[in-house]
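Student: Here is how the chains run, residue by residue.
Protein chains: 2
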Amino acid sequence: SECREIIYLIHVACVCAGHNASRDVVTLVKSVLFHRRNPLHFHFITDTVANRILSSLFQSWMVPSVQVSFYDADELKSEVSWIPNKHYSGIYGLMKLTLTKALPSDLSKVIVLDTDITFATDIAELWGIFRKFTDKQVIGLVENQSDWYLGNLWKNHKPWPALGRGFNTGVILLYLERLRRIGWEQMWRLTAERELMSMLSTSLADQDIFNAFIKQNPVLVHQLPCFWNVQLSDHTRSEQCYTEVSDLKVIHWNSPKKLRVKNKHVEFFRNLYLTFLEYDGNLLRRELFGCPTQASPESLQKALEELDEDDQCYDFRRERLTVHRVHLYFLQYDYTPTEDNTDITLVAQLSMDRLQMLEAICKHWEGPISLALYMSDAEAQQFLRYAQASEVLKNRKNVGYHIVYKEGQFYPVNLVRNVALKNANTPYVFLTDVDFLPMYGLYDYLRKSVVQMDMAHTKKALVVPAFETLRYRLSFPKSKAELLSMLDMGTLYTFRYHVWPKGHAPTNYAKWRTATTPYKVEWEPDFEPYVVVRRECPEYDQRFVGFGWNKVSHIMELDAQEYDLMVLPNAFMIHMPHAPSFDISKFRSSSSYRNCLNTLKDEFHQDLSRKYGSAALKYLTAQRNI
Amino acid sequence: SECREIIYLIHVACVCAGHNASRDVVTLVKSVLFHRRNPLHFHFITDTVANRILSSLFQSWMVPSVQVSFYDADELKSEVSWIPNKHYSGIYGLMKLTLTKALPSDLSKVIVLDTDITFATDIAELWGIFRKFTDKQVIGLVENQSDWYLGNLWKNHKPWPALGRGFNTGVILLYLERLRRIGWEQMWRLTAERELMSMLSTSLADQDIFNAFIKQNPVLVHQLPCFWNVQLSDHTRSEQCYTEVSDLKVIHWNSPKKLRVKNKHVEFFRNLYLTFLEYDGNLLRRELFGCPTQASPESLQKALEELDEDDQCYDFRRERLTVHRVHLYFLQYDYTPTEDNTDITLVAQLSMDRLQMLEAICKHWEGPISLALYMSDAEAQQFLRYAQASEVLKNRKNVGYHIVYKEGQFYPVNLVRNVALKNANTPYVFLTDVDFLPMYGLYDYLRKSVVQMDMAHTKKALVVPAFETLRYRLSFPKSKAELLSMLDMGTLYTFRYHVWPKGHAPTNYAKWRTATTPYKVEWEPDFEPYVVVRRECPEYDQRFVGFGWNKVSHIMELDAQEYDLMVLPNAFMIHMPHAPSFDISKFRSSSSYRNCLNTLKDEFHQDLSRKYGSAALKYLTAQRNI
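Quick note, the sequences are listed as chains A and B, same order. Using UniProt numbering, read the first sequence as starting at 1 and increasing by one per residue. Using UniProt numbering, read the second sequence as starting at 1 and increasing by one per residue.
Because the hints were derived from the structure by calculation, they are not lab data. Everything hinted at is true.
Note that the list lumps identical chains together, so a pair holds whenever it fits in one copy or between two copies.
Straight-line Cα separation of at most 35 Å, DSBU-like style, residue types lysine-lysine; simulated pairs:
(1) Lys601 - Lys394
(2) Lys611 - Lys302
(3) Lys302 - Lys257
(4) Lys459 - Lys611
(5) Lys448 - Lys459
(6) Lys215 - Lys132
(7) Lys132 - Lys109
(8) Lys502 - Lys478
(9) Lys422 - Lys397
(10) Lys363 - Lys406
(11) Lys459 - Lys511
(12) Lys302 - Lys422
(13) Lys406 - Lys394
Keep in mind it's a predicted model, so treat the numbers as computed, not measured.
Starting from the given sequences, assemble the full structure and let the hints guide the process.
Tutor: See below:
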């Protein structure tokens, strides 16, 4: 059989703005992908936020036989901004009116969906209804299932004009070609202008205008069976719409109560929704049989083909080529850059088992934070509920939460770190780990240091000395003096003093005790301090997955690029104790794991020499002398 | 519309024996339930292990419009034990031959499935094929997709006789009524006896006999389209079986390599399988529209109806009525009772974030362990991978792992504890928490104490004194003397010394220091020691969900039942530090939470008085004096 693309490619359009809609639309997309058997083309009308989130999501998702296009909602605003609208969706609620203009002029048909829709069947079935349109029909809609347009909801309730109960615009079959031909753009405008003279504003956004338009032009509408838009608002007539599960095609969560809406079968609907909410999106990467479209770029294809399955480090190299799905700014985010250009973002990565650190970090660092979270789809939802329930996290808008979806055996720690690093929006970054608490006031102190040290014009990495406590109930030191006395008392130690002193010894803690000005230290093998650098520093080397050498290699490359390592005399951070992390990969710490790590180190050294010339040979020599 | 049961109830039979098959069959069942729209009746031929696991699973799963029946495989063994069989499935591999005998005599048709099957469509479609049988046909099968029965796999390869490539018995439509009528039971036996004269044994178990039978009686077979049993063995012809995703109906993982089998579309198949493997089974409790069958018992229905939604403790009371799915003995388990009747099971419960404690506990306690794990379906699979990769856990067969599936907002800690308690298989239990390590040798010491204290004939609770360390790197004390000196050094503390001394103060640590014989202590309010008791002790009170009063109420009831609390002079256990657990419920610790806890305490006191008379009033008085 030939690829069904020849038969039909299905086009879907969606207006999507802001962080929450960008998250909701993913559940819609998953439900569509789960059932589909055709190539799809998604058209998203987006604001800047949704564009950033969805473009990176789809790029990393790499679903075969799925195309995605974006259209700038800002450019369309002027088309509808003149319409007063009381609906909570705001100006974006009106944008479906502009689709003939927004979408490519050669696109003849499109299915338009709200973001709060869940599909229970193959979308091709809905697409097929276009064929049932008579020659005159230009728009397919389901009847509204509430009594709104009957105008009897309360005394003096006066809705916009509509045919009977009117139609719901959560699911629309738009015959774009015909709409353009009949002059839709002028027609809806005239309707809106005329009605607004008496109505003053829309109550249900685009839906009021669509209905007024249809009331005037009833022959243009093709009424869809109601199961194509089962509306779960209160007092809905939706129950009359289906007698069996198999009758249900599309569920529309159009109550402001969303999942908490009351309905005889709401549990069934909720289950269906939850199925997709937590569904592992990686599983939707399955190819359509007979459609040889490549989702992954050719370079990746080639790299995969070049891998040698007999290489003992195959698993490591394979992991490095895994493209993890990334959902940037999973939660509301709002950051305004400072004018003095000295701002610093705290950058860290974590997985589920460190979630309880977030509140404490927020209390210790008031500046912007960029966090990458390595999670499954289900865990991301658990995290969402956690964040929405936390007073501390809810009140912070300058924290960017970026989900990197789990896949494969290893923890791709440097890939996750790079996602956090690349999505920091300040000129400087503080590269830390999530199990550390910064001293109180570190954010202000670092910002002053950035100016003092002339970071804008010199190449420096500011070292924040790291300490650790082995006790849970630590009264966190308020000053360097207090820290030093706790160090003397044995309540605190320098970080990894007992197990891996080399990692931080070059910080020179002895000198730090009495230092009052920043001092320069030299790179040494295995040095892995926590540093503040400009955001345009080298990325972490992603060949190091799982554990070992992930930060060491980064500091080495900073040194190769001739960053000066400057220890700050009045900064400190403390590692908080935690149980050993549960990570399957630790069970892979076999001799072959260690051998591979050595092979990867060698290759990293070779790459350094290639990039930075003979000076970089010192790393290899240093390594060999250990 | 009327319930489809009137149209047809679909019967499915499955032979299932042992822990692994009992786990695998759940994925099959989930895939069937996911797509089904009809009432189902599952018939399981089981050994003792599978019966225990599956009966409790289905009882707690409470899927509407699903009936389950069990048939004892042991009683059927004699029917097939005379057949020499080389297949790895052993005697259970032959049991499908006995279904006409095993299943009820009035059952006329059944679909028979292997446990390594995944459904990609509604099973009603397969059931519908019975209608296409001619009057003569009694059995529906898919052609075998390997070359096995062609007899050319290697030199002198001599398979059992078959028609062409033969048929695969992973999916069978059995027309029981007609089979009985034609005398199937004698027929297959005669065939087997005759062939065994030359073949000596079966290689592929029942499949060889079915094929030999069909070779002799070709008119009896109805050949099914191959997509009803896409066989993913090596060198399979399965690719010729489908050209599009929608052609796939049933996938059969019949290679010993299971998911690691090589096949052009294996990734697609694997995704489908993984979808159900980690699918939240709670979501399958959805009712069939129009089928008013009650899955939950009437008493539960009634209790639910009696709940008052306006009660401020509604959430607590609702949670208590939630029936959590329980999968007992999720991993291999093998325990032989000791003959002296003094054995003790360590009983504890945990969730994902304490998994790393398991290895340590196993190293400190060599006796039997009963663990209840509170997890989602996806987490249970993660746990399975963890356990299979751990040398320590793999080598222990006397640990019963019981999964209690997550549902709702609260952590139902006492329900989970009760699952662990009820599934201990020894006369005595050591009731502990998973973040404690028992002293080395505690198991032996407790067994001796059980005899010494005459636990068999007296009502005693043996108290194991509890200590704690706030440090990670503890060198675990080897003796009481060493523990006491660490206590003096401040390396150890008595448990909760800093935050809640009342919980263990009645243990009388001062007396314990010098004690050499067990001593009795009196109950006091808020006492919550860790104790050894007979297994038939009271259960934990399940009204206490989330945090607070879960162990206190249990000790109180032991006291009400006049258990003597005896502190053991040479036993101890140490609490290991861990980060505060990530639990959404803690964010619910509002004033209303505390109010409800008080209400529940009052009700518990009232229940105690009702059960144990006026003597139990002392608990209420004690409570009020605090």
